[in-house]
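J.: Residue numbers (numbering that gives the first Met the number 0), protein chains in the order written: chain A, 0 to 253; chain R, 0 to 253; chain U, 0 to 253; chain D, 0 to 253; chain G, 0 to 253.
Among the hints, erroneous ones may be present.
Dumping the calculated DSS-like pairs for lysine-lysine here, alpha-carbon to alpha-carbon at most 25 Å [to be verified]:
#1 LYS50/G <-> LYS66/A
#2 LYS238/A <-> LYS85/A
#3 LYS138/G <-> LYS66/A
#4 LYS88/R <-> LYS107/R
#5 LYS66/A <-> LYS55/G
#6 LYS66/G <-> LYS138/D
#7 LYS138/U <-> LYS66/D
#8 LYS59/D <-> LYS50/U
#9 LYS138/G <-> LYS50/D
#10 LYS50/G <-> LYS77/A
#11 LYS77/D <-> LYS50/U
#12 LYS238/R <-> LYS50/R
#13 LYS138/G <-> LYS55/G
#14 LYS66/U <-> LYS55/R
#15 LYS50/A <-> LYS107/A
#16 LYS138/U <-> LYS50/D
#17 LYS77/A <-> LYS107/A
None of these hints come from the bench; they were simulated from the model.
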Amino acid sequence: MDLGTVIGLVLILVLLVASMAMGVGIGPYIDIPSVLIVVGGSIGALMVSFKPAQMKSFVKIFMIAIKPPQEDRMELIKKLVGFATKARKDGILALESEVNNEPNAFLKKGLSMAIDGNEPDSIRELLEIEMEQTSTRHKGNAAIFSQWSGLAGAMGMIGTLIGLVAMLMNMADPSAIGPSMAVALLTTMYGAMIGNIFGGPIANILGIRNDDEALVKEMIITGIMSIQSGDAPRALEAKLLSYLAPNERVSQFN
Amino acid sequence: MDLGTVIGLVLILVLLVASMAMGVGIGPYIDIPSVLIVVGGSIGALMVSFKPAQMKSFVKIFMIAIKPPQEDRMELIKKLVGFATKARKDGILALESEVNNEPNAFLKKGLSMAIDGNEPDSIRELLEIEMEQTSTRHKGNAAIFSQWSGLAGAMGMIGTLIGLVAMLMNMADPSAIGPSMAVALLTTMYGAMIGNIFGGPIANILGIRNDDEALVKEMIITGIMSIQSGDAPRALEAKLLSYLAPNERVSQFN
Amino acid sequence: MDLGTVIGLVLILVLLVASMAMGVGIGPYIDIPSVLIVVGGSIGALMVSFKPAQMKSFVKIFMIAIKPPQEDRMELIKKLVGFATKARKDGILALESEVNNEPNAFLKKGLSMAIDGNEPDSIRELLEIEMEQTSTRHKGNAAIFSQWSGLAGAMGMIGTLIGLVAMLMNMADPSAIGPSMAVALLTTMYGAMIGNIFGGPIANILGIRNDDEALVKEMIITGIMSIQSGDAPRALEAKLLSYLAPNERVSQFN
Amino acid sequence: MDLGTVIGLVLILVLLVASMAMGVGIGPYIDIPSVLIVVGGSIGALMVSFKPAQMKSFVKIFMIAIKPPQEDRMELIKKLVGFATKARKDGILALESEVNNEPNAFLKKGLSMAIDGNEPDSIRELLEIEMEQTSTRHKGNAAIFSQWSGLAGAMGMIGTLIGLVAMLMNMADPSAIGPSMAVALLTTMYGAMIGNIFGGPIANILGIRNDDEALVKEMIITGIMSIQSGDAPRALEAKLLSYLAPNERVSQFN
Amino acid sequence: MDLGTVIGLVLILVLLVASMAMGVGIGPYIDIPSVLIVVGGSIGALMVSFKPAQMKSFVKIFMIAIKPPQEDRMELIKKLVGFATKARKDGILALESEVNNEPNAFLKKGLSMAIDGNEPDSIRELLEIEMEQTSTRHKGNAAIFSQWSGLAGAMGMIGTLIGLVAMLMNMADPSAIGPSMAVALLTTMYGAMIGNIFGGPIANILGIRNDDEALVKEMIITGIMSIQSGDAPRALEAKLLSYLAPNERVSQFN
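The shape of chain A in the complex, shown without the other chains (with noise of 0.2 Å):
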């Protein structure tokens, strides 16, 4: 679980509530058809805009930027260090038993055309497409949520001139006009909150979670490709190492 992404949802509902409640209270900021044809509109937009196929992974997606599936990089360098070092006094053979174990299967992949003995370029280049496609997919799913945002702020806004027509052709009742009015602001007000409480931010946390596995499937491929040339372990480490910040690098030579 990843708090950041889960307090910072909780701490804006409670900011959001607790300034409607100071005022007129939660009750006239409630609308159930104001908040179908926001959510419910939106929604139909999307799936005008994408294929069936992705948004039913809507919710696995959204997941995936509150709960993400984390790869620790320090480990990842020692592993990939460890089959190194392994693979250089005993040659890579010695090395099917790692990778029957290993549970990251782009890694396993990869290893696994290196012990066949497969030309160090064919490999490179499947794990290459992998990654991109991989990376394309992903790319593909948090747009999404980005779409989401403009599709709420623009069905909010159609919700709002809907309200207003309504408000203007039956101005007999002057006291009505008011609350007739606010209801209309609601749906530009849901527009604006969907739009920028979880369309843009959850795209936005998305894509550095997808940079973030891009980085680790091309630090395990630079380990591959050092690995069968049989690079010095010590040398491949300084080379991964440069992936990291500064301040998180740890040399196990040292």
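Fit chains R, U, D and G to the given chain A structure using the hints.
T.: For chains R, U, D and G alone, kept in the frame of chain A given last:
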């Protein structure tokens, strides 16, 4: 038929009509001159923005959004691996009969060239030109819908300004101000609807469809290059599978 | 004459005039000082934004949008394939008379260089420099229209603010408020019209025209390279046809 | 002096002053505190956004927009072709005296390196570093004006909000509401004027000036490479002419 | 301490406070719940948008904007040229003592690798990975401030909508409408202030700082490659000076 797009459009329509009906009824929201200025005006502006040939295929492009010519990627991989197996055993000339029955024009063209003994580099160059040109044309067509989104919004605003000026010039009867302003707002509402229900979402799904098609073509080029150079069918399958999402990958060799 | 652009402009004009006439008539929508501030002001801002040489060709650029110098691509392919056939049979020097009568300056220049015996690499380099520089100049010119779009909108807003301030300063006579505000809104309306009927759409079609021209030049470069290296006319035609849409392709060898 | 920019600024100024004078006169549009908050506030925000060294050259950068240091391209081509002719006849060392009198620092530096016998690759690398770094610095400077555009608009909005709040807090005297609101709107008007008359257009012309300068440098690099490798002057001229627009090209060999 | 940033912030603060004080005084512009919803809400949305590790360095990143760790580029060039001179005379191993006292970690790392006899290609690769990764991390951090700009504006709008709805629901007392609306507008004002005084400008200066740092690293890589390949110190200086603006260049050889 791609259900997502259709269900999405129906869902939005139902929600909008229901929210109008709950207020003052559908009637006040329909104003033919306003529809004409927004729809006609934005299509006029599209005719200035694009070539007649592009505008003519407006409906055809829209149909691609809701009914895409999809290629089953697993079937394609199976077929390419089958071709590779046969070409390896009996030589590439043995593929002649398969090529003649091949429905995919892009694959057919590439394979014919390989059988005719063209150089791999010139086959790749020709197929890549075709892939890029097709993709450029498709993006140009999808741009009609994204431009429509902006132009409909602008024509809606212009319509509202025309209505507001008429209303402000004629404020003798205070009871007419409300309804006049309501009518003036209708063009903005129509513009927002066209832009955010048709324009934007359709442009987005067309972009996704185009990326899908380009990916299939990339897989075909990879496949033909492998078949011509006599790669092992197993290696070709591994490479092609890395274009798919992990949960879609099914090897025919296991 | 490209009918699409002209029909589009006429259609919008008719719709706008009709919608004005149906309300308070055309008269109230015409205000010469407002026209001056939006048109004059935005052209002034364009003169700050671009070089005098670019502004001078303003009308010439506009004419390209409505009356483009189109090259028939099938004719071009036939001509290039004809050249390739002749060059293969009688040597490249045999093309001298064709070159002298060639109307397309770009093709003429490239072929002359080939006949004069220049290196393929230096011909390609020179033609590509010319192609890129032309495209860059054209994009710079098209940018005048997209900038106009934004600047006209801004001058419209400035004009409305000037009018609003005058109105607010002078609210003694309530019956004058409506008409004053109407006049103030006119500049915003003019700005939106210029931006969304002329500015944006013209910039868009100019971009498409430029891409079309660049594509033709790319085909010519491909053709000249093939003629010089003595490729088979059939292979050259296949390569050139892949630049076209599938339904446009007609081979002269079948 | 580049007349376009100056004429443009004068034209806008005249139109704005005239349109103000025709209404309530110039007086009501001038409010020193509003000018201070928009101009001072946006320059303050620019000081946060850029380095002091960049802000110091604010006026110098503005002068480049209205009085650019232009290089006559035809003269440059003649000069480079002249150098090539001389170098071919008498050897590259014969250019020493020309180099000493060369006013263009970039050309002087490159030619000196060529005469000193540096490797073509290292001359090209050094000149390209200088060209790119200069262009990056210029773009960073032009960004001051495009940022100013946005920040002036934002400070205008903040000023209007400050004024509106003051007005709304103090609605006892209805006759004061109009003028108070007029004053509140002035900051938005100033912001829009700065952004769309100075900020945006100046940033645009600076970008064009920078592209022009980079193009001249590219021509110089091409020229020096040709002179050093002893290309025929005629071939060099043909290559350099393809950087110009067709109607600007005048060969000295015809 | 970079004075520009601090002076800019103080200047804006003084102008804003003065313009408030001149109207209704500072008091009415301060509303704690409004501050909470804009500042708290936007920081909550930032916590959803970024990883906790990035948010933790929020203050540290802000300090880089106002107090950057600047490298004197002329000093760096002198140092690198000095190293090159020594390495050319006494061999690269003679630089060992200088390296140990080198404060710049990036230069130290690269030189150590060169002294240890690593291949130039692998030194360059490792240093470029580190340079790119650092730059990517910095851009990700600067993005916090540009996102803050948008999210603060959005939370301001949401706050104003909440206030407007409360006001419209409760219009019994007409004299309260003005002040209620004034309070509702405060959140929009706070949002615009945060976005355009902190968010945007800080993000901009962080981008400039990052480009400066990357440029210094590029110069260091160029220097180390030259030292290792034994280039002439004069040639190295000429290359490094071309990274600077012409008026900054001072050669130590003249």
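J.: For every hint, state whether the structure bears it out.
T.: Hints, one by one, checked against the model:
1. Proximity of LYS50/G to LYS66/A is assessed by CA-CA distance (about 11 Å); at most 25 Å being required, the pair is judged to hold.
2. About 18 Å separates the Cα atoms of LYS238/A and LYS85/A, which keeps this hinted pair within 25 Å; it holds.
3. Restraint check: the Cα-Cα separation between LYS138/G and LYS66/A comes to about 24 Å, which is no more than 25 Å; the hinted pair holds.
4. Proposed proximity of LYS88/R and LYS107/R is supported: the alpha carbons are some 20 Å apart, at most 25 Å.
5. Between the alpha carbons of LYS66/A and LYS55/G the distance comes to roughly 19 Å, so the proposed pair stays at or under 25 Å and holds.
6. Between LYS66/G and LYS138/D the alpha-carbon distance is near 24 Å, which keeps this suggested pair within the 25 Å criterion.
7. Proposed proximity of LYS138/U and LYS66/D is supported: the alpha carbons are some 24 Å apart, at most 25 Å.
8. For the given pair, LYS59/D sits about 19 Å from LYS50/U by alpha-carbon distance, which is consistent with the 25 Å threshold.
9. For the suggested pair LYS138/G and LYS50/D, the alpha carbons sit about 18 Å apart, so the restraint of at most 25 Å is met.
10. Simply put, LYS50/G and LYS77/A have alpha-carbon atoms about 24 Å apart, close enough for the 25 Å limit, and the pair holds.
11. At most 25 Å may separate the alpha-carbon atoms for a hinted pair to count; LYS77/D and LYS50/U meet this at roughly 24 Å.
12. For the proposed pair LYS238/R and LYS50/R, the alpha carbon gap of about 40 Å is over 25 Å, so the pair is violated.
13. With a C-alpha separation of about 16 Å, the suggested pair LYS138/G and LYS55/G falls inside the 25 Å cut-off, and the hint holds.
14. For a cut-off of 25 Å, the pair hint linking LYS66/U to LYS55/R stands: about 19 Å separates their Cα positions.
15. For the given pair, LYS50/A sits about 31 Å from LYS107/A by alpha-carbon distance, which is inconsistent with the 25 Å threshold.
16. About 32 Å separates the Cα atoms of LYS138/U and LYS50/D, which puts this hinted pair outside 25 Å; it is violated.
17. Only pairs whose Cα atoms come within 25 Å are accepted, and LYS77/A paired with LYS107/A is accepted, the gap being roughly 16 Å.
Hint compliance for this structure: hints 12, 15, 16 are broken, all remaining hints hold.
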